[in-house]
Amino acid sequence: MSSKVGCTHCHLEFNDNVMIVDGEHYFCCKGCQGIYHLLKDEGLDSFYNKAGDTKLTPPIQQYEDSSNFNSPAFYDKFVSINKDGFSDVSLIIEGIHCSACVWLNEKALHKMAGVISVNINYTNNKAKIVWDDTVLKLSSIIDMIRAIGYNAFPYDASLQEVRANKERQEYYLRMAVAIFASMNVMWIAVAQYAGYFTGITQDVKTILNIAEGVLATPVLFYSGWIFYRGAYYAIKTKTVNMDILVATGSTLTYMYSIYITAFERGEAYFDSVTMIITFVLIGKFLEVLSKKSVADTLDIMSNHVPSSIKVIEDGKIVEKNINDVKVLDIIVVGSGERVALDGTVLEGEGNFDESNLTGESEPVYKQIGDKIISGTVSIDAQIKYEATKDFAHSTLSNLVSLLEGAMSNKPRIQMMANKISEYFSAVILGFALITFLVWWFWPHSFERSFMVGISVIIIACPCALALATPVATLVGLGLASRRGILFKQASQLETMAKATTLVVDKTGTITQGKPRVVQEYIYDDFDRSLLYSLVQNSKHPVAKGVGEFVLQEGINNFELQSVKQIPAQGISAIYMDKKIFGGNLKLMQNEGIETQNILHTHGTSHVSNSGNSEFYFAVNDKIVAKFELFDTPKADAKESISAIQALGIEVIMLTGDHQKSAKKVSEEVGIKIFESELTPEGKFLYIQKLHDTGKVVVMAGDGVNDILALALADIGISMGSGSDIAIDVSDVVLLNDSLASLSDTFKISRKTYFMIKQNLALSLLYNAITIPLAMAGYIIPLLAAISMSFSSLLVVGNSLRIRAGFKK
Amino acid sequence: MDSWVIAMMLGVSIFLGSIALVAFLWGIKSGQFDDEQKFLNAVKFDTQEDLNDAVDQEKKAKELKKKNYTPE
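Chains as they are written, first to last, in our numbering: chain A, 15 to 822; chain B, 236 to 307.
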């Protein structure tokens, strides 16, 4: 009788009896309903046509107040004034799933008076907004974005990201020129080669040479500028790199070809010049494409620091800059505000969200005398507290500076291709010089000796070598991304392949991240609808777990009277003449409900010592049921962990949870080594210890409490559903959250690495055959061109073999 | 066939090609291809309404600019 229906706004499907019915529409929550009506009123409901049946995220309740965005300190940091006198801000918008979302955000903001332009990037969800600050404030813009079901937070767009974008654009331009010219040079070269074999008059040959020369010039000096620059820096630091080989090879060939063209003898090599530059440039571009910037991450982290806080001075509340607050100052925190300094509560009480620091999503109840920690968010608390540390020494800024340290101390494993190309370049330049000298002393003309010397460089053209790594990694990355594994940087595949140890977080990574009922004890008959209605009133994960468990066909959601939340204990309510309670043992005892009875008559086995959470349900002062809940491992956890162990990787579990449940989970999935009750710093230190013993560490986690460890590990892997900061700090993201992808990540990276090695071997072998030929003077231009293309094709073709053995 | 014909044909075709290249470079520089997804979607979905919106938006920006510059 109950069936699944989709929410009109977010399209997520639920049973129809839990949905809010509104005319012919169904909504999963008040938030979705609100947005639907807002869009309809604003005439923006064509959004739903554009979105199709894309699943959206239901709006999340915002704890933080948007007026923070109007503080002068905030404006100083993130808002810049452009030359027309308008304000500029860069935001990251959360919750964008499809192009319709981009459309909706742009449209809704455009409708606001005072907004000049909005430009949202679909790929990275970053928005640039220009508005007139005299007409409206930034907070109204943020409020609008939140009202339509998204969330936005600012980031500092300066520095690294801008630089990275500029570099990428520069490569695009240079590559466009190089590819255009080499395509044209190639068809001219076809005429040249045809003439070489069938005869060609010298004046036609000269015309073709000049045309090629005209096309080769911008390629060498504009597109190839990067190699000159690289060569310059290499000479300055007294090293030999591939850039020197490319730069000298192509310049010498270019000059030689001009000489040939001018004096009308021999063959010109302009086509080789353009091809070398183009191929190597493409290889370099593929590397640039996959670089990530560290700066973004730190920006997001510092967004967690409120820019000003309220301090009581002489009986009045004053706003102060965070750095001016001293120890023992009295600070006021309202509901929805973020705590900036560590301290002790003097007055008031309420719940705090500490998930940033502990990774556990349960709110923590604080009252007079309790310590509060910076970085946590007050959910409903109105308190006054005394600062025990100043900002520089508070937990939050410690975390930020540790994170900065971890990002810059990340061990760098030198990439194999770089190592090889260093030697390779030096050897080839040496060979070319020797060849030239030998030919010259065994009497040959200068011209002939010079040509043979150059042909060594041309034939050894590092095209295949330059493409060996990027093409293989690209195929590997493509394969990975189709399975929901996103690598942020190509070189990480190689590091990943060398990994010896995998460190995993428990909550949310190995386990589901939310407790489920594993054991049910019924002491007396009761109406399950009553229990369901009661737990609907709580956001506590345990209550949600119970709600999911009792949800079945025919269950009803009653309207309850005088619902009361008792912090850290449970909920009570009245229905008809019944007084009902749901919560932990402490609640039952405090309410004077008979508990001894249950504990004794049913034996001690019912007193949990297995690390399970307990939920009691009482009707009219009598306990009728008890539920034991446990955060169970994901379905594929055991299988995937043993697959990873079979690859010879040591698996270690670290968790902030207590010993009992850590032990239970680790036994269930087959992990031998685990550490429990670790703070974020504890995990960080543990990974540092592993590094000291020479291990290459991969860390998989999802919460804010894992970020230090993720940042420090050689490879940080985060779950797609994890917190944004965790995703940002990590190097690899598993979009489908499954542990099977984790073992795939290892397999794909190992296979890719194997192919990179094979490619390098192939291109070196290739050179081993052709270089002696070139040194003996047997290389003609056509052979040089064909061998260059052929070796590159060989490498590309070989790289495609990575896909073999992986289904799909 | 005289060789100058070849020279002329080569010259003209390279010149025409380079015009297209310059136009492409301009497109890259002005950021038209920065967000490939959006760029492709605009081709597929943009309607008359979107064009009107763009014009309105430009008008609004111009008005606000004018207002800011009124000397007082």
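Don't read these hints as lab results, they were simulated from the structure. Hints are supplied without guarantee of correctness; some may be wrong.
[Said to hold, decoys possible] Derived list of chain B stretches under chain A, where covered just means 3 residues or more per stretch with a C-beta under 8 angstroms from a C-beta of chain A:
| # | region |
| --- | --- |
| 1 | 255-261 |
| 2 | 270-283 |
| 3 | 295-301 |
[As the list claims (entries may be wrong)] Below, computed lysine-lysine pairings styled on DSSO-like, alpha-carbon distance capped at 30 angstroms:
| # | chain 1 | residue 1 | chain 2 | residue 2 |
| --- | --- | --- | --- | --- |
| 4 | A | K121 | B | K273 |
| 5 | A | K761 | A | K686 |
| 6 | B | K279 | A | K64 |
[Claimed, not checked] Below, a sample of chain B positions facing chain A; criterion: calculated Cβ distance under 7 angstroms:
| # | residue |
| --- | --- |
| 7 | S238 |
| 8 | I241 |
| 9 | A242 |
| 10 | M244 |
| 11 | Q292 |
Glycine residues also receive a C-beta, built at the ideal position from the N, C-alpha and C atoms.
A quick look at each hint next to the structure:
no.	hint	result
1	255-261	holds (count 3)
2	270-283	holds (count 6)
3	295-301	holds (count 4)
4	K121(A) to K273(B)	holds (14 angstroms)
5	K761(A) to K686(A)	holds (22 angstroms)
6	K279(B) to K64(A)	holds (12 angstroms)
7	S238	holds (5 angstroms)
8	I241	holds (6 angstroms)
9	A242	holds (5 angstroms)
10	M244	violated (10 angstroms)
11	Q292	holds (6 angstroms)
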